[in-house]
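Residue numbers (UniProt numbering), protein chains in the order written: chain A, 1 to 546; chain B, 1 to 396; chain C, 1 to 336.
Calculated directly from the structure, the hints in this document are not laboratory data. Hints may be right or wrong, so weigh each one.
[Claimed, not checked] Between beta-carbon pairs, the in silico distance windows are:
#	chain 1	residue 1	chain 2	residue 2	range
1	B	GLU14	A	ALA57	56 to 66 Å
2	C	PRO59	A	LEU473	52 to 62 Å
3	A	ALA128	C	GLU308	38 to 48 Å
Even glycine gets a Cβ: it sits at the ideal position worked out from N, Cα and C.
As a plain string of letters, each chain reads:
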Amino acid sequence: MPSTRLWEAERALPALGLINAGLWLFCLTVVLVPLGTVALYGLASGRLEELAEPEVAAAAWNSLSSAVLSGALAVLIALGLVLVIEHTRLPGRATLRILALSPLLIPPFIGAISWIGLFGPSGMINSAAEGLIGRPLWSIYGGDGVILLLALHAYPIAYLLLTAALARIPAELEEAARASGAGSRRALAHITLPLLRPALISSFVLVTVSNLADFGIPALVGAPERYETLATIAYRFVRSGTVDNSVELAACVGVVLLLMVAAGMLLIRRFSRASYALEPSVSRAAPLALKRPWLLGGTTWAAVLGITALPLSALLIQALLPAPGMELSWENLSLGNFSSVLESPWAAEGTQLSLSLALGAALITGVVGLAIGTVMTRTSLPGRSLLRKVSLLPLAVPGLIVAVGWLLLAPHLGLYNSPWLILWAYVMSFLALVVQAIEAPLRSTSPALEEAARVSGASALRAFSDVSVRLALPAAAAGALLVLLTAVRELTISALLLAPNAQTLGVAIFNLQQAGSYGSAAALSVLVTVAGLLGMGLITRRLHTR
Amino acid sequence: MSSVRFDAVDVVFEDGHRALDAVILHIADGEIIALVGPSGSGKTTLLRSLAGFTAPSRGRISIDEQVVSSSEHSTAVEHRGLGMVFQQHALWPHMKVGENIGYPLRLAGIRGGDRRRRVEEALEMVGLAGMAGRRPDQLSGGQRQRVALARAIIHEPRVLLLDEALSALDEPLRASLRAQLQSMSRRLGLTVLHVTHDRSEALAVADRIVVLDQGRIQQIGCPDELMERPATGFVAQFLQDAALLHGELRAEGFRCAEMKLQVPRESISQPQDDGSAADSGGSRAGVLAVAPHHVILSPAEGDDAQGAEAEVVSSLYGRHAHDVEVSWAGRRLRGETVGWRPAPGERVRAEVNGGVFFSGGDLDEQTQGDHDQAPEDPQGDGESVQVPLGHTGGSQ
Amino acid sequence: MTQTLRRRAALGTTALAGLLLSACGTGDDGSGATTITLYTSEPQEKIDELLADFAQVEPDIEVEVFRAGTGDLTARLETDLNAGDPGADVFLAADAPTFEGFKEDGLLMELDSEELDAVPDQWQDPEGQYVGTRIIPTVIAYNTAEYDAAPASWQELTEAEYDGQITLPDPAVSGAAAFNAAVWYLQDDLGEDWFADLGGNSPVIAESNGPVGQSVAEGSQPVGVVVDFMMRDLHDAGSPAAVSYPEEGVPYIYQPIGIFEATEEAEAAQAFVDYVISQRGQEYAVEQNYLPVREDAGTPEGAPRLDEISFMEEGLSEITEVQGEALDAFDSTVGG
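If we strip away everything but chain A, and leave its shape as in the complex, we get:
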């Protein structure tokens, strides 16, 4: 690797040192202290050995295997969709893109319920299959269902990262392969895919780690087949009421998860080599002309509709029926659930709180993530790669355990029952989304660009901010968007940290669902999803017309 690090000679630059120190301080207070608190709490209880049980070992194995497999599957789905939607001239690509990103907006437990409605043992599709082929098609319950749903839920994260990476590959590289005699498929396999590798790895890491912490999907889909993960086991300890001081034990589970991630990071380091510096491209990769656009287009539309619109419409039906199980007919459909949700006082308050928290988290993670990402890739400051790993850690810890950490700290910070507490917990949990989104594009930015700024008379810091930071801005914005969308429907952290009389959207949906108000829960989910899709449509349109 030639020097993409610019400041071998400028390590002493005080301003950069200050930035680095600031970032470390930030990560220390927002990430390490709460994580450390909860880890110490768990360790100090001396109950770690209580986890040495076959069921915990089995859950650990399930966590690992479901996270890794769903991570790989999610990256594969995302890659397929990105190549078809962003790399060809398929009709209706803009709509497809928005649809493909929609699973991001649906809270995982709501998504799981809609899927169960389709593929549960007596779900719509399985019942239909029973009539047609005499046996259910496939039961969603169990490990395979967990893996599939985790993947379907998380692939949009990979989609966004891969799209950004694809846009950075100059068109000529693939054209040169075509001219050398490679068909479009071989050009893809030999040139584009290897160049996407850094982005593939970083999105795989991100998705895998965040799937380790997911609770809703394994709880709803895995439990019927006794498929437990560490996240559900932590919740089980707390919920069952059969374990004394259950939170201590849950904290111990958190320690186990942190250890797993740390070990995973050491492993992944061996596989992820530095990415390639790409010349800034004059021409964006030319979309592939398709031999049979209608065949691929039809398949893609069917697949995207199948994994997004199908569960969404199940949700919509649920929202339009006054009560579940009523016959689906025009007379029975009503907007009653929507109006009751819209009229309820907490819906407005919940929206306001969720939106401000999500915006705040997106803004803070965007700025800090940008700083970490640039310091990490563009400088030779000490400890920069450790910084990235630290920011990644909280992603693997279930919301319950993150929340316990903050709750333990809250009285000392004077933040008990304050929305700021939730904000910082969000920032901690979602920082990694921005850092990972920025890393790959920045690594492949040629250092010559910054050198050019230096030659033009910019100071090191100025060149850094005018060139490197500027170039990373779109990626940071994409990462912040990801944070916004994830945070606006967050459930498990807010459930524990909320002040009395306050609700976030995720908690409101969960509460409705738990109380048996399925129609209202579905209506609120539909509203959140539709609002999110509209917002996303506006944002992506602006990004594309710019």
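Position chains B and C against the provided structure of chain A, taking the given hints into account.
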């Protein structure tokens, strides 16, 4: 090693822009063709439609009498048997130099020692012997471009396509690579289509040059032909930096309408001379293309400022003649001086002793549309030449 | 960064801070009202309605609610205690064993209420530290579009007719379900054998009561083992769902309420507890489809009277004792 034929090829883009307009071109086996024109003239589109990256809306493209592109049929890029070099080298950063060069062979199923030997040969041919193990980012710009060249020729392509292949390189390097390219193409008997905006490069390497403007071929010819008998005012302006002066050609000579200037009839050549109008004593409106070597500059003698009507704007050193631009009666003209070199701001005598005349109709046709692109020569002063041209073109 | 960009960013940050602060909105309004905090697992809508009614009785007492599932509630309380005092004055959730735990830790204060006399002894703490608020039995629910007649007993669920049709909450995750499992386990005519037979019908183990109710109402699993009020709510909303109280009796909890010793507003907290178990409060509970803890509060529409229901009564100590065993038995038979 193949012939290429364009039959009335149109390329119209999705936004309605007509990038190629009825292009007819025949390239003989083993010929080196340079494609020149201002940016936006369609030269890259022409190259890319031969490559197969762009599909023609009408017409046919054939290689060796075998149709590769028509409105019904398009042979995939990879089956056309081409080699291509891009402006930005387009080396694959994840492959070593040897892998980059050997890639076409790998696709052709050539493996093992055979492939290694041919890669070594290709590297040797471009002067990079022993560099197969390097990574592209360990090479200099010129080395990378030579790797790209080796990659493009290793599988003995039917046609070698060069898309501004030398434009990103520095001058001495560029010259040496240019020579290398020519000798290598000859040695291998390659048919070459070379897109460039550098006129001197085109004149230097090509057997024939194709001048494009606004998607249409303006002229095809060998360098001498183009320099001596440009077919249109545009070609003269683009290739020779000629100024286009508007006026009338009469029996006694050319009278300029924009400035006080007369050029005697006998020193004016007419490419499309059909021996009718002018010789019969009538007068014709049109433009006179005045190339720098037609503009004679001489120092003002003593205090005689009377005849020294031109003011020097810039004066550039040249090995054979100095390149001097003057402002003369409101127009800017480029001329050449030999033996002396005026300083900017100096007043000098100017005289036009020749030119090529194009009668009006021709001019009208070639200046329609938004003709505001200047030739891409950094020293060219297309702008000042173009302004009066646009005026007259419209008023006639 | 350009000047305008910087200004815009500053504006954004200010606006955001404003939003957050207003969203915070816990502010004292200085009206002289007393504020108490309630931790509860009651459904949001139900607790909102109940508090609105309470506000008519005691307009000077404001109740702030932290609503969450039982598990999240206990987790929050545990963390609160780790850092100091409970964040609440009143706790209304879960079951008697949970409150026994609080009592052991000395967290609760003795209730001082005349209303306690109206509540039968078996539904309150003999030492008066907590008292039941609503009777929540676990019953058999069924989809009326799929079945004409209700399964009349727990035993009937093991018949071949119900193979693949049943769903029930996971006792490993839900505290209430674990409690039920222990009660069933202790019954002579049910016990481990019944678990085994039930397992033969391969029921779907759902995460909690919520999904069970939904599956039954939708008909995807037309028979469910679930709390009764939820199905009455669904029935009222129009779902084809009904409940059956099995003849062997029903396991139940009485969702206690208690006041934390650490409260600074004991009087207001006491007033709230009084209201909840008062005749008015209990009639309100009945309106919300709950079975009341008082005989004089009536009974929800379509539900049997309290004296018509046979309850499975088991001592708390027995339940605690066999709970582990019961869970293991359940796991190895039904869960497998």
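We went through each hint and held it up to the structure:
1. B:GLU14 x A:ALA57: 56 to 66 Å: 60 Å, holds
2. C:PRO59 x A:LEU473: 52 to 62 Å: 54 Å, holds
3. A:ALA128 x C:GLU308: 38 to 48 Å: 42 Å Cβ-Cβ, so the 38 to 48 Å window holds.
The structure agrees with every numbered hint stated previously.
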